[in-house]
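Chain by chain, the residues run as shown.
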Amino acid sequence: MRSLALLLQDLIEEPKLIDWEWISENFWEDIVPAIQGHIFLSFVSVAIALAIALPIGVLSARYRKLYPPVTFFTGFLYSIPSLALFGILVSIGVGIGPKPVIIALVAYSLLILIRNVVAGLDSVPPETIDAARGMGLTNRQILFGVELPLALPIIVAGIRIATVTIIGIATIGAYIAAGGLGKMIFDGINRNFPTMIITGAVLATALAILADLLLLALERRLRPWARVRRA
Amino acid sequence: MEGILDVLERPDFLGLLGTHVELSVIALLLGAAIALPVAVAVRNTPVGAALAVNVGNIGRAVPSLAILALALPFLGYGFEPALVALTALAIPPILINASTGLREVSREVIDAARGMGLSRSQILTGIQLSIAAPVIFAGIRTSAVQVVASATLATFIGGGSLGNLIVEGFQANNSAILLAGSLSVAVLAIITEVGFSGVEKALTPKGLKFAQKRHG
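Those protein sequence lines, which keep their order, are chains A and B. Its first residue numbered 0, the first sequence is counted upward by one per residue in numbering that gives the first Met the number 0. Its first residue numbered 0, the second sequence is counted upward by one per residue in numbering that gives the first Met the number 0.
In short, the hints are calculated from the structure, not lab data. Virtual Cβ for every residue (Gly too), placed ideally from N, Cα, C.
If we take Cβ atoms under 8 Å as the criterion, some of the chain B residues that face chain A in the derived model are:
{"hint": "1", "residue": "P62"}
{"hint": "2", "residue": "S63"}
{"hint": "3", "residue": "L69"}
{"hint": "4", "residue": "L71"}
{"hint": "5", "residue": "V144"}
{"hint": "6", "residue": "T151"}
{"hint": "7", "residue": "L152"}
{"hint": "8", "residue": "I165"}
{"hint": "9", "residue": "L178"}
{"hint": "10", "residue": "A188"}
Next up, chain A with everything else stripped away, as it sits in the complex (with noise of 0.2 Å):
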């Protein structure tokens, strides 16, 4: 009975998946500073793959012939997996660090965005676009003014996929030196050493679900006509 409470014991302790000690002496050290990288990164990816999205998803959404070849090549930079064209970017000579990392997280982001842009315009009733200009409104009001407003939920929807999508394969720049949760992942394995793996992540993970509902809280608050409905 003795033996058998101490092979559960063993059988608790002796993996030793987390070292609290060993996170509450690295907390503002390691875990910390892999947060706010892993958040730049995204944050800046995301930001940077949004103002080429808007103005491409704007002219798809004006001359239709754009859009199937934007989709192509956009499609096709979706495909090809985060590991490969890191590997693609690093060996014709764009280096390692953040940089290849936001260029290839960027390149991810494109479809999602664009995608969303034009779904976004598609929505907008086409008797608000003839209320608008019988109003006397320009294109370029009629397009700030009420088609870019009205779009705006299904843009953010673009958002959110693009951010969670991007938070995830953010980790896996950390093989190229671009820093952030990945790097704590990559280090637990080379270290062999559970701690780092789980806190990295469970991090990037949390990290994600988080920017999932805050950007799905926002996308709710943007379509006042929805709630109205529902009341």
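Since the structure of chain A is already known, use the hints to place chain B on it.
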């Protein structure tokens, strides 16, 4: 360029390619074998279906490297731990699409089928599954592409895949090996994407294609 071809002719290349495909195919089959029955089981209960979709959404948010790396402390190094992790990655897209696809079959259609005297299992196989087939298959495609991409990362936990070449290329600072590995992974992923989209199109019934065109 010649250096790249040399790498592709190396004796271990086919083995790595084989392991990569093996990991992906088995993980996809296991993932479908787990996700599809769950989606079918919860199809008629709104709470169950919502739960399945939510679990799937959370699962999709977990970074693939996180799942693979987490397999290491719990399951160890090698092919099987990588396979378990990739199976876990294969489940969410199939679960989400199959649950939503089966839920979206309209109530009226099912009522009509019931009125015609079809049994629950006849409604499932004859009506629900065939109408939802394109959506379910889209989930399987998403899952396949993701699994093929993530199988590259299996190299980090000793799963052995084309990712080995990429890692070797980085470590030896050899761009021929790096490019050979990266390009073969990219080609494999694109073949998967294109192949599955072809099957998806073939699976969409004519009537549904017509309806999709009218709507979009």
